[in-house]
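J.: Each chain is listed here by its residues.
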Amino acid sequence: MKTIQMLIAFAFATAAAPAWAALEVFTCEPEWAALAREIGGELVNAESATTPQQDPHYIQARPSLIAKVRRARLVLCTGADLEVGWLPLLLRQAGNASVQPGQPGYMTASDSVDLLDKPARLDRSLGDVHPYGNPHIQTDPRNIGQVAAALAERLAMLDPANAAAYQSGYADFEARWQSALERWTAAIAPLRGRQVVTHHKGWVYLENWVGLVEVGNLEPKPGLPASAAHLAELLEQLKTQQVAVIIRSVYEDAKASEWLAARTSIPYVVLPHTVGSVPGADDLFGMFDVIVKTLSEPRP
Amino acid sequence: MHFRKRAAHVAPFLLSMASTALAQDQVTGNAFNPAISLILDGHYASYSLDPEGYRLPGFELDAEAGLPTEGFSLDETELAMSANVDDKYYGFLTAALEQTDGETSIEVEEAYFETLALPKGLKIKAGQFLSDIGYLNPIHAHAWDFNDTPLAYLAMLNGGYKDAGVQLSWIVPSTLFVQLGAELLRGDSFPAAGGAASDGTGASTLFVHFGGDVSDEASWRAGISRLSADANDRAADFDSGLVSFTGTSDVTMADFVWKWAKDGNARDRYYVVQAEYLRRKEDGELTVSVPSAGDEIGPYVGTQDGFYVQGIYQFRPRWRVGLRYDRLEATNEIGVTPPTPFVADHDPNRISVMTDFSNSEFSRLRLQLNRDDSRPETDDQVVVQYLMSLGAHGAHRF
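Heads up: the protein sequence lines correspond to chains Z and B, in order. With my numbering applied, the first sequence covers 1 to 300. With my numbering applied, the second sequence covers 1 to 398.
To be clear, the hints were calculated from the coordinates, so they are not data collected in a lab. Being a predicted model, the structure only gives us computed values, none of them experimental. Honestly, I wouldn't trust all of these hints.
[What the hints assert, rightly or not] Computed footprint of chain B on chain Z, listed as stretches where at least three residues anywhere in the stretch have a Cβ under 8 Å from a Cβ of chain B:
(1) 55-68
(2) 75-88
(3) 91-100
(4) 222-231
Note that the Cβ used here is the ideal one computed from N, Cα and C, for glycine as well.
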């Protein structure tokens, strides 16, 4: 009994952040934490549940995340079932009424954009399909701009005392984002129509923006690892196609793309799927700078 | 052509009953259906000793406790449904279809609601549920890392404590994860018995869980729990008669779990080390009924210990191996001619190894070998098991 009393005393001692603390923002992925910092600056303390090395499909509702959701004022996630395996459990276990779906403290980025790849047929024999559409929305900078507008409104709603600061933070970000977008749009123009192969179906929004044509994936079905049989088939298929590049993200196994690159003389690249995933992608601007630069580099 | 288009349109509704917020422009009524999932679970088991004679010396087992059925067998087919009831409550049901001796029965495993909107990190859960004591106790059988439950759980909790009642828990608003909880339960589930004689409140628990991250790659959770139960006329068969225990049964548990994944990415390589220690104290009166000799009544004080340690290693995507060691010990003081279950003439122990393959998150095939020294003679056990999960996406528990 004594132990439990001690534990309760300890719990109270470590409890409750001071009233002047920054707005606690819990994000599921690093790109949304970066976006919250762009808009909120010092007013927010945004932390991501996942690192760039982690596949967001495969996270567990671990104790540290429950503790973070418990203290969060805003939960900001991609949605569209990307976090279906762990976010609902976190929300239920954390006992934080203000961040439940439907509350101002809960926001999904996918609500602000039009989803691509909505499956016509839902059948797990097709792999880990997402019923609402492809959730990897962050690889189109226009989507980032749309989420930013919604996020600025949400922050102002949750922290009305600082509403003006969020508005000006957003206005400043939006101006810089628009000018960067013009620069990127000009740079990618020559890439339109190029054929690509991607590891996972995680780049459809980038392809849609740049005008790339995806002719295959290293995964035989979404979520299943690349198999020898599937790669052999892909190799055969690529003999008749002019593919510019093989794309994967940093958390995906390198072997499959290396194998295919070695046999086809198609180069493979690791593109930043989020902030912090490759050198240079230190913020959202850096992420798209690296994407545009890597895709534009001349190849043998 | 017209039909095909319609079918394609309807299919998502039929299959994604998980999603309550789907297609707001459709008024079909079933968009609010709960998330439904189905677990298919079956095995083939082979034993070198006769499974009928299974016992754990020093422990009175629940009447249903024992080894998984020999040969081919269907395990529990589990149907689960869950959804938010409204903005304040979440509801959950799992029903298990079980087949015993050709008879199929439906058993309600868990049926409870919990609150979503209590202030200050508080939560109330009420209904029938797996108690949150220990680490493994609240985990459903299909999510275990081995085909069978640790010996300590089998001996002291009949595989896991599940009962009707109410739970109050509190998540402390600290950076360290701290959860405090208490449960008041009916007391109908082993090691409790005859909850009605205790006014339907024959068991209670207290638990505290801590946890956190050590780095991006490693996380842990630890806990201490206690179950205090009334056993009212808890009956068990033994070779020459019947035995009944009335008294208190208190289980104290300590658990620890350490998980590591390369780059924190559990898809590729990870390991889990998990250990639990259980100590049970039983104090009361024992009635031994032997048909030829009549009833004999006397005091009984049981002090019993058990632990398991296990490690699971996923060495490449989809493939895992596991190793587990179990041990039990009992010191029972009995004031009557000791009946078989209470005689601790041997310390039960077991070593298990397993390997499993998961084609996707939704399927798993497992081979498990046990060198089972539960009884004084060694039982070599082989189990091949399948686990298939259909429907709504399962939750990734820590």
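J.: All hints, please: hold or fail.
T.: Right, here's what the structure says about each hint:
Remark: the region 55-68 of chain Z is confirmed as covered by chain B, as 11 of its residues place a Cβ nearer than 8 Å to a Cβ of that chain, reaching the required three. Interface restraint, the region 75-88 of chain Z with chain B: holds (5 residues with C-beta to C-beta distance below 8 Å; minimum three). Remark: the region 91-100 of chain Z is confirmed as covered by chain B, as 7 of its residues place a Cβ nearer than 8 Å to a Cβ of that chain, reaching the required three. Note: the region 222-231 of chain Z has 3 residues with beta-carbon separation from chain B under 8 Å; the three-residue rule is met and the coverage holds.
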